[in-house]
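*Asks:* Chain residues, written in single-letter form:
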Amino acid sequence: EAQVTQNPRYLITVTGKKLTVTCSQNMNHEYMSWYRQDPGLGLRQIYYSMNVEVTDKGDVPEGYKVSRKEKRNFPLILESPSPNQTSLYFCASYRGDWGYTFGSGTRLTVV
Amino acid sequence: EDQVTQSPEALRLQEGESSSLNCSYTVSGLRGLFWYRQDPGKGPEFLFTLYSAGEEKEKERLKATLTKKESFLHITAPKPEDSATYLCAVLRMDSSYKLIFGSGTRLLVRP
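So the protein lines, in turn, are chains L and V. The working numbering applies: residue 199 is where the first sequence begins, and numbers increase by one. The working numbering applies: residue 1298 is where the second sequence begins, and numbers increase by one.
These aren't lab readings, by the way, just hints derived from the structure by calculation. Worth double-checking, as some hints may not be accurate.
[Stated by the list, open to error] Here are some chain V residues pointing at chain L (derived, C-beta under 8 Å):
#	residue
1	P1337
2	K1339
3	P1341
4	F1343
5	T1346
6	A1350
7	F1369
8	Y1394
9	K1395
10	L1396
11	F1398
12	G1399
13	S1400
14	G1401
All figures in this text were calculated on a predicted structure; none of them were measured in a lab. Yeah, the Cβ is synthetic: ideal placement off N, Cα and C, and Gly gets one too.
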């Protein structure tokens, strides 16, 4: 089954404690992206990757890092999380005519 | 500036009461317009892609249409299981493959 897998689904952490949200896709897609979703603001792009070792900033990249060492994996790294990064995060890969296939989401709370 | 606006923000319907959701957009070159369905706490699920004005797509009780400035999602004789948030997004005609999302319409269908 074609899918994007994110982990963990839920995460509560403290301010300043580094964390990584993993993302993996099994469709051999070149393009992957991270979005965050906040009430009233919709889905906003954090970072995207056109291919292995090619990444670029989206609309809200501050406080985030990504890496793309393999085609299937695109982890999101928060070096020093802050409460304003509390949000619902989605990883997605681009499927052409199908648009994006999204993961199930990671609900992050930073206290 | 690229922008996607959805209306209404929320819509309550009785089962069987047909209605339409609106998505108006401003984008510098449209590659495609996408409709997604999102259930609470889950990732957006692909519904339709529209590419050019005049195009229509149908799936069960849903029908999507596109003009040069807006798209409509028509829901005919909705059922309670159609309750969800419906998201509209546009893909620009450039190499970024960035989806720009509207804030969504929350649909509640009461039995």
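*Asks:* Report holds or violated for the interface hint on G1401/V, using the least CB-CB distance to chain L and a cut-off of 8 Å.
*Replies:* Since chain L brings a Cβ to about 6 Å from G1401/V, closer than 8 Å, the hint holds.
*Asks:* Holds or violated: K1339/V as interface residue toward chain L, Cβ cutoff 8 Å?
*Replies:* Result: holds, 6 Å to nearest chain L Cβ.
*Asks:* Against chain L, run the beta carbon of F1343/V and see if the smallest gap drops under 8 Å.
*Replies:* Nearest chain L Cβ about 5 Å off; hint holds.
*Asks:* Tell me if the interface restraint on P1337/V is satisfied: Cβ within less than 8 Å of some Cβ in chain L.
*Replies:* With a minimum Cβ separation of about 10 Å from chain L (threshold 8 Å), the hint on P1337/V is violated.
*Asks:* A closest beta-carbon separation below 8 Å is what the hint needs, so does T1346/V meet it against chain L?
*Replies:* 6 Å, holds
*Asks:* Going by Cβ atoms only, is K1395/V closer than 8 Å to chain L?
*Replies:* Since the shortest Cβ distance to chain L is 6 Å, the answer is holds.
*Asks:* With chain L as the partner, please determine if G1399/V meets the hint condition of a C-beta pair closer than 8 Å.
*Replies:* This hint holds: G1399/V lies near chain L, its Cβ roughly 6 Å from the closest one there, short of 8 Å.
*Asks:* Using 8 Å as the Cβ threshold, decide whether S1400/V counts as touching chain L.
*Replies:* 4 Å, holds
*Asks:* Going by Cβ atoms only, is P1341/V closer than 8 Å to chain L?
*Replies:* Since chain L brings a Cβ to about 5 Å from P1341/V, closer than 8 Å, the hint holds.
*Asks:* Does the interface hint hold: is Y1394/V within less than 8 Å of chain L, judged Cβ to Cβ?
*Replies:* 5 Å, holds
*Asks:* Given a cut of 8 Å on the nearest C-beta pair, is the interface hint for F1398/V held or broken against chain L?
*Replies:* Cβ of F1398/V sits 4 Å from chain L, so the hint holds.
*Asks:* Given L1396/V as an interface hint, is its Cβ closer than 8 Å to any Cβ of chain L?
*Replies:* For L1396/V, the interface hint holds, since the closest Cβ of chain L sits about 6 Å away, which is under 8 Å.
The earlier numbered hints that this structure contradicts are 1, 6 and 7.
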